[in-house]
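**Q** Those protein sequences? They're chains A and B, same order as listed. If you're matching positions, the first sequence starts at 1 in my numbering and goes up one per residue. If you're matching positions, the second sequence starts at 665 in my numbering and goes up one per residue.
Derived by calculation from the structure, the hints in this document are not laboratory data. From a predicted model like this one, the values you see are computed outputs, not experimental measurements. Among the hints, a few may not be true.
To be verified - Covered stretches of chain A, going by a simulated chain B footprint (3 or more residues, C-beta under 8 Å): (1) 116-123; (2) 181-194; (3) 283-294; (4) 396-409; (5) 431-442.
C-beta atoms are modelled at their ideal positions from N, C-alpha and C, and glycine is treated no differently.
There are 2 protein chains.
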Amino acid sequence: MMERADIILAAGLVVTMNQQFDLIPDGAVVVRGDAILAVGPSADILSRYSAETVIDCAGQYILPGLVNAHTHVPMTLVRGLADDLRLDVWLIGYMMPTEREFVDPEFCRLGTLVGCAEMIRSGITTFADMYYYEAEIAAATVQAGMRAVLGQTVLKFPAPDAETFEISLAYCRQFIEDWRDHHLITPTVAPHAPYSNTDETLRRCAELAREFDVPLLTHIAETHSEVEDSIRDTDQRVVAHMDVTGVFQSHVVGAHCVHINEHEMRILKQWNAAVAHCPTANLKLASGIAPIVHVLNQGLTVAIGTDGPASNNDLDMFEEMRLAALLAKTASGDPTALPARQALLMATRHGAQALSLGEVTGSLEPGKRADVMVMDSKTLHNTPHFMRDPDAVYSRIVYAGKASDVRHVLCNGQILMRDRALQTLDEPALLAQAAEYSRQIDEFLIQREGSVLSKLLALTDLEQRESFEVQVKAELPDEALVKLLLEHPDVEILRRVRYRQYDTYFLFDDPDNSRLRFREEYRMNAQDQVELVRSRLTLTLPTKERQFHSTILLSHSRFMADANRPLRFYREYFQPIEERELHKERRRWNIHYQGVLFYVNVDTVSKPELPGMFIELKTRTWSASDAENKSDRIQEMLSILGLESHRAIGTDYLEMQSADGAQS
Amino acid sequence: MMERADIILAAGLVVTMNQQFDLIPDGAVVVRGDAILAVGPSADILSRYSAETVIDCAGQYILPGLVNAHTHVPMTLVRGLADDLRLDVWLIGYMMPTEREFVDPEFCRLGTLVGCAEMIRSGITTFADMYYYEAEIAAATVQAGMRAVLGQTVLKFPAPDAETFEISLAYCRQFIEDWRDHHLITPTVAPHAPYSNTDETLRRCAELAREFDVPLLTHIAETHSEVEDSIRDTDQRVVAHMDVTGVFQSHVVGAHCVHINEHEMRILKQWNAAVAHCPTANLKLASGIAPIVHVLNQGLTVAIGTDGPASNNDLDMFEEMRLAALLAKTASGDPTALPARQALLMATRHGAQALSLGEVTGSLEPGKRADVMVMDSKTLHNTPHFMRDPDAVYSRIVYAGKASDVRHVLCNGQILMRDRALQTLDEPALLAQAAEYSRQIDEFLIQREGSVLSKLLALTDLEQRESFEVQVKAELPDEALVKLLLEHPDVEILRRVRYRQYDTYFLFDDPDNSRLRFREEYRMNAQDQVELVRSRLTLTLPTKERQFHSTILLSHSRFMADANRPLRFYREYFQPIEERELHKERRRWNIHYQGVLFYVNVDTVSKPELPGMFIELKTRTWSASDAENKSDRIQEMLSILGLESHRAIGTDYLEMQSADGAQS
C-alpha cells in the first residue's frame, strides 16, 4: 500500500547536511504538507510513497534551502546607488539622506519582494533581516513564501519609522505580538548596534526578546574604530561592554564580529550567542577579515550572511560561502581551514541554529519543514566529478557552484521556484516597480548634488552628530546669580573653561536651508592668555523643536569637521548667499546636578553687540521620558537661579540679531 | 548609401573601456570580418551600416571580451579532484602523480576544449595559459575560436612532455615557429617559476622570448616560503634574484606577485614587466593577498587571472574582478581603493596590454579585433539602476554581475556564443568525454589510496626532492687513495663530516615498488663522540637510469620527512612485507673540483658485513649537457684516484646484500 504525499523530489544526490552528513546518491525527499516526510534512496522511496508532483532531479543535488543570516532586505532598492566611497561619505552623504526621504511602508514592501525574488533564485529559503517597518517586511515575506527572522531596528536616534526610542520599542512590541504565531515569521527586535544604542536601550531590547523568547539581532564590532570608540567611552571593548548591559541574557545573533578578541569570543560562547559572518561586505567597506577560524575554535555557532544589497551588492549565498571558505584560509595561513563542507554547514544547519530555527530548517531530515533547493550538478563550470572522496561534492557546491545553478526551491512545502521560474512573485512587475523607485531616488539625489552637505563631504572628513538635546536659554540679569547654582549642594563642578568664539555663518537658499558655521575658538587661561586655538566647520540642518515647560527639546542634525583652511577658502568654495558674524565670550561649566551631566554656558555677545548676558542650561537625551525628566531638573535649576519666572528665549543668537536688524 | 558590414550589435549600453572610458547609451558596435568597424549611437550606426546579422542588445551591456591573464586551462579535467588540503599534500600527493599518469596530448586537447567552453560562457575571449603540450592547446583554442597567449612550460625537473630542460626548450622553439603567424595564437615560453628553474634555464627562456618578440609567462613570489628559500639560496628576494638572471630583458608577465616588496615593484616597473593578479587561488591556497594597490601605485600594468581550475575551482572572471576589487579595499584599509571601473579595466584593456595584445583587443575601438561580449543588465540581482553617477555601470558589472548574465560572445569577428548557446563547441560531447577522464583518474587514485606515499602523506609533513644526480660507486682498495683526490690542486675541501648511519628499509609489494627507509644518523666529532642525532624517513620510487662512461645518471623521486616517532610505530603503521637493515660508517667530503660542487663518500658497511670500503662520487645536475660534462669530471677524478679501470658498481648496498643472500 503506497503512502500519499504531496511532492517527491527524486533521483538526485541528496546532500542532507544532517548530523552524519549523509549523502544519498540517487536519493529522494518526500514532502507532505509543510514537512519532510522521508529522505532515502529513490528506489526505496518510490516503492513506498506516491505524490501528485514528482520532480525528477537526475544530474542534480537536493540540498536544504540556504540560510542568509544577516541582511537588510529592502535595501535592494538602493543597490549600487553609491559605491567605492568612504564609509562616512557613503552613509552620511548617500544612504542616510536617501533613507530619510524614501523609507516608508511601500519602500519596505517592494524592496522585500525584490529581495525575496533574488534570494529564491539563488536557493535561499530563510533569512534574517534588520530594517524599518518590519511588519511590512513580514507581509511581503509571507507573500513570497519565505521563512524569516525579522528584527525591527531600534536606535537612540530618530529612525525613518520612529521619532524616538520609545516609539520604536512600542512599534516593535506590537509587531512581535501581531506576528509571533506565524509559521514563517519570527518577529523580533534589532537594536542596531551598541554604538547606536545606549546601555538602557540595549537592555530594554533584550528584555523584550526574552519576554517573547525570540533571538535578538544586532551588529557587533564591524569596524576597528567602533572598538576604539568603545574603549574611549567605556574603557571596554565592544563585547565586554555589551556584557555589562545584560543584552546577552537574550539569545544574541551578532553580525560581523570582525574586531573581537579571544576574551570576547569566550563571552559570546558563555552566553551561547551566535555570529553572522558577512565576508563580502566586510571586505567592500574595508572593515577587515573576521577571525572566523578562532571563533569556530571557541565552539561558537557561526552563520553566514550577505549583509544588505547596498554593501555587497547582491544577495548571493554561493558567493558568501565561497568567500568565507577562501578568506579563512589566508587569514589563518592554513589552506585546510574552513573546508567546503563546513562552509555549507554554516550556510544551512548552523545558520538555522544561530537563528533559533535549528529544529525547523537547515537540513533534510524527516520532521523538519520542507525547505529544499535543487541545483544542477553537471554544469560545464563544475565538470568533471570525482568519486574517490565523497566530500568532493561539498567542494563542487562551494568552490564552483553558482546561484544560476539553482533550479527548484521549496519553502515550508510550497514550491517557490520551478525550473528557474518564480511561482509566488511576478518578476517583470517587480523590476518595473523598482525601476520607478530608482527614477525618483535619482531625481532626488541629482537635485541634492548642488547641496552644501555634498560639497562639504567632497572636501573633508566629517563627524556626524545627530542628537536630542534639552536646553533652555534666558537673559541673565546679574552675573552673581550663577554662584547660586554653582555653589548649590546638589551641584558638583566637573570642569570650567572660558572661550572666545568668532563665528561666521554662511546662509544658503538650498532646499535644506542649510546653515554652515565657521568657528574660530580660543580657549583662554586664568591670565587671559590664549591656551588653545581651533577652527571647526559645523553644518546644521533644520531643527525640530518640542516644548517642555519653558525648556526646549531640540533634535539636531549636525555634521562637524576640522576647518584647516582659511575662511576665505570656504567663502569662495561654498558661495553663500548671505554671511553673518557672531562674536561672543563663553564661560562654560560642566556640572553634575543630582548626578546628571549638564552644561552651563554664560555668554556675552559682542558682535552684534547684545546688551547683558545670557545663560544656557543644556544636556543630551535619548528618549522622550528621559527628556521630560531632564526638563524637570532644568526647571529646578532655573528656580535656584531665581529665573523661574523669566521667559526662556526660543531663538538662537543669530535670530536675535536678525530681529534687531542691526546686522548688514 | 549604406556601408556593408557583417554583424551589428545594436541598442545596448556600449561600455567601450577606451582611453576616455566612453559610455554610449543605446549604442552599437559594427563588425566587418575580424575587426571592429565602428562604435557609436545606434541611430547613427543603423543609418550608415547594414549587415546580415543585426543583434538587438536592448537592456544589455556591450563590452570588450574579458582577458583571463593566467590559467592552466587543461586542468579543468582535474577540477575538484582534491581540495582543502595543504599545498604539498595537494601537489605531491594528488596533482603531480595524476599529471604524471594522465597528462598527454589528448588530455591537453580535451581539457582545453572544456576550459574554452566554460570561458566563453562567462564572457572571456582571451586567455594566457601555462601548461604542457601547448601545440595541442593551441589547436584546441583555435577550434574554440578564442584568442590566447600560450606558454610552453619549462622546468629544471622532468615534465610530462619533456624529460629534460633541453627537450622542453627544443619543443618550445618548434611550437613558437609553428604557431607564430596564427591570428589567434601568441605561442611563447613559460619557465614555470624561478625556484623550478635554474638561472641558466631562465636566461635561455628569455633569449627565446626575445628572439621571437613574445611575452614570457612565469610565476613570481606566490608564497612566502618561496621568498624565504630565495633569500636562503641566493641572498636575494625572488624578483631581485630574477633580475640578475637577465630574464626581465624579455617582456615578463608574472603571475601572483603576492610577496614582493616596493624595491621589487620598482624592478618590475623598470623592465616594464606586468603582473597577473589571481586573488581566488591566492586565498584558497593560503598564499596571502597580493599588494595590488601598491603595485598599481608604482605604475605597473596589472591584469587579472583565474589561475588553473584545480585551485579556484572555476574560470569565472566575474568572480575574480569582484574579489580583486574587494580584497584591495581591506588589504589597504581604504574602501575607495581599486574601484569597480579599475577592476574592469584590469580584466579588459590592461589585461590585453599585459599580454602585449594592447593593439589587438581589450576595448571596443574601431580597428581592434572584434572581441566582444554582451551581458544582460536588467537582471533581478542587478536591479534597480541609478543614473546619477554614470560610473555606476561599472559597479553593477563588477559588484553584482555574474557569468550567467553573459548572453553573446564574439571573438575575432566570429560568434562563439549566441543567446547562451555555444556555436563552436559541442557542450554535451565535452561533458561526456570529461566524465570518462574523471572515471579513469578516479580509478587510478582509488587504487593508489593503499599506497605507501598516501600513508606517509597522511602522517607527516613531507619535503619533496625530485632530482637528477650523476654518480659513480666503486670499491676502494686502499683508503690512502682518497688523499690523492683530496690533496689534488684542482680540489678544494668545503666541509668534512663523519656519520654512523643505521638504516631500516621497509619493502612493499605495492604497484609502485615503494621502498621506505628509516635512518638514524649520528654525526661524530673528532673525539668519536656523537655530535648530533637525527632520524629521517625517505620514500624512494623506482629510479630511471642512464649511463655515461662508467658513471650513472639517476633520476630520483624522493619524499623525505623527519621521523619523530620510534621505528616500531612506523613498522606497525606501514606494515611492510619485508624489512632489511643496513649499518655503515660514512665519511663525507663536500668538495669543489674545478669549482664544481661534488660529494665524496667513503663508506664501511658493517651490517651486512661487506668486505673493504666503497667510494661514491656524486653531484646534482639539471640538464643533459650538464650531466655529460659532470660525468666527464667524475671520470677525471676516478683517474686521480687511480680507479679509472675499476668497474663501477651499478647497484646500491641493499641490492649488494640481496645478491649476497646473507640477509634475513
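**Q** Output the indices of the hints that this structure fails to meet, ascending.
**A** 2
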